[in-house]
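If you read the protein sequences in the order shown, they are chains A and B. For reference, each letter of the first sequence is one residue, going 1 to 284 in this note's numbering. For reference, each letter of the second sequence is one residue, going 1 to 284 in this note's numbering.
Read the hints as simulated data drawn from the structure, not as lab findings. Cβ coordinates follow ideal geometry from the N, Cα and C atoms, glycine included. Accuracy of the hints is not assured; some may be wrong.
Derived pair list, reagent style DMTMM-like, types lysine to aspartate or glutamate, alpha-carbon separation capped at 25 Å [said to hold, decoys possible]:
hint : chain 1 : residue 1 : chain 2 : residue 2
1    : A       : K2        : A       : E192
2    : A       : K34       : B       : E28
3    : B       : K2        : A       : E27
4    : A       : K2        : B       : E26
5    : A       : K34       : B       : E170
6    : A       : K265      : B       : D25
Covered stretches of chain B (chain A as the covering partner; in silico rule of three or more C-beta atoms under 8 Å from a C-beta of chain A) [claimed, not checked]:
hint : stretch
7    : 1-11
8    : 132-144
9    : 263-271
Protein chains: 2
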Amino acid sequence: MKAYLDCYPCFFVQTLNTMRLITSDEEEIWKVLKAVSSFLPSLSFDATPPEIGREVYRIISDMTGVEDPYREVKKRCTQQALDLYPDVKEKVKKAGNSLLAAARAAVAGNIIDFGAQAEFDIKKDLDRILKQDFAVNDFERFARMVKKSKKAVYLADNAGETVFDRVLIEEMAVPVVYAVRDKPVINDAVIEDAVEAGIDRVAQIISSGSDAPGTILGCCSDDFRDILKSADLIISKGQGNYEALSEVQGPIFFLLKSKCPVIAKDIGVPEGSIILMEQKKYRA
Amino acid sequence: MKAYLDCYPCFFVQTLNTMRLITSDEEEIWKVLKAVSSFLPSLSFDATPPEIGREVYRIISDMTGVEDPYREVKKRCTQQALDLYPDVKEKVKKAGNSLLAAARAAVAGNIIDFGAQAEFDIKKDLDRILKQDFAVNDFERFARMVKKSKKAVYLADNAGETVFDRVLIEEMAVPVVYAVRDKPVINDAVIEDAVEAGIDRVAQIISSGSDAPGTILGCCSDDFRDILKSADLIISKGQGNYEALSEVQGPIFFLLKSKCPVIAKDIGVPEGSIILMEQKKYRA
Chain A
1 MKAYLDCYPC FFVQTLNTMR LITSDEEEIW KVLKAVSSFL PSLSFDATPP EIGREVYRII
61 SDMTGVEDPY REVKKRCTQQ ALDLYPDVKE KVKKAGNSLL AAARAAVAGN IIDFGAQAEF
121 DIKKDLDRIL KQDFAVNDFE RFARMVKKSK KAVYLADNAG ETVFDRVLIE EMAVPVVYAV
181 RDKPVINDAV IEDAVEAGID RVAQIISSGS DAPGTILGCC SDDFRDILKS ADLIISKGQG
241 NYEALSEVQG PIFFLLKSKC PVIAKDIGVP EGSIILMEQK KYRA
Chain B
1 MKAYLDCYPC FFVQTLNTMR LITSDEEEIW KVLKAVSSFL PSLSFDATPP EIGREVYRII
61 SDMTGVEDPY REVKKRCTQQ ALDLYPDVKE KVKKAGNSLL AAARAAVAGN IIDFGAQAEF
121 DIKKDLDRIL KQDFAVNDFE RFARMVKKSK KAVYLADNAG ETVFDRVLIE EMAVPVVYAV
181 RDKPVINDAV IEDAVEAGID RVAQIISSGS DAPGTILGCC SDDFRDILKS ADLIISKGQG
241 NYEALSEVQG PIFFLLKSKC PVIAKDIGVP EGSIILMEQK KYRA
């Protein structure tokens, strides 16, 4: 998905939010804002949000020397999610359709996001989403694909959300390769974050080779692309992975919450919807 | 008031909103966004929002050749306000304190703003604000100053809001010079807009000489600065004029609604508050 014009102000908001985690020195923040502002005009009109985000966060990291500004935030979110894990497992177990409940739990985890929206309440949203209907609902087809899958790839999104991904992976009962970002970007999960969430107990964790906040195939390693090609089921979590893969062919299911007006408009659903959507081109 | 860092994303939103009035050609809008993005790093850290706004709207106007993108919007807002005028006059007349009610009506008009917030409902907000308490309330002092004033200057803000300014000027019963922007910027009133609101019947309309969305003294004409110096009462309407004059000494009363988090924080009130505040330094 190409960036919408409305994405551009958002990159400044994201820069501000991230810089405020790093420093309270307004002049230092101003220098980074100016650098981001100078960089944007070099972009192609067709750039995708993860491509732009990658460069914006690289500017922040290069200028401040802070490689992972969200490290502490990510640890806290993961711990908070782990505290909720037993309760979520119990709810999924008791649900009429455990795989459906687990998919909803995984989407609920998608609210843990410091890019698209900086404020959220995991517990409150979780309870609501476990009862919420998918606005795009390809669950029946998803359940059939899970049943016959022999090798699934799960594209991770944010740290903390990882714990809820684990719940879905456990219900899938399929061999899963869990792909995370190669380097820290926003609060997206890297290997360390996935291990803290206990994903290593239920899946093989690998790096996609990309440091963009979305699985941009051109930025990924050859090894990862081979793994992706050989998968019979790909679960793409979150907005960033949707933005990177919305035009890519493959047995992809997008599992996300539409947290910003741009994504909601692109998918054609109200903001705040939960989505379980099979890749349209692949389906046709 | 120096621009807060949070103002910078907002200039991109304002550019987008204004460009969408001019064209639906996304690539043309993108060119202007890029030009604004290239311009921002040249700013001083201490620039005020009206100084920045002036340049941003100049870029838009220069690149598109459209000098007054809000012309139709302003006409419509003025007409809408004129339709409400008899009802507002009636309410002010019936109020226990007509000057206070007229000041509230003038603030209610301040919601007509395509810079700080693009969506509003004049009629609904008017009814509410006519009953709302000022969060900063220097009305008693204001009423005394009005009583003894021989020459007041009223610094206009947006077109349409002008009609409600007229209500306050009528209640003041003081000779008033009504100063508007020299050239169109956002939906701020120029002479034509003030005349359409009927201000010429109750005050002398002049241009401040400035084309910034706020009365930046350095951008104003010598004539206007002389008039301002000779005034014994200055009413500064809206956020832009507050941003430009918050550090300037004088018998100034700021009359505005805090429509964005930055202004609310600067004044120390909740967002959405109405303010009638005497210039602090002058008072001390």
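Status of the hints after comparison with the structure:
no.: 1; hint: A:K2 - A:E192; result: violated, 30 Å
no.: 2; hint: A:K34 - B:E28; result: holds, 23 Å
no.: 3; hint: B:K2 - A:E27; result: holds, 13 Å
no.: 4; hint: A:K2 - B:E26; result: holds, 12 Å
no.: 5; hint: A:K34 - B:E170; result: violated, 47 Å
no.: 6; hint: A:K265 - B:D25; result: holds, 18 Å
no.: 7; hint: 1-11; result: holds (count 5)
no.: 8; hint: 132-144; result: violated (count 0)
no.: 9; hint: 263-271; result: violated (count 0)
Of the numbered hints given earlier, the model fails hints 1, 5, 8, 9; all others are met.
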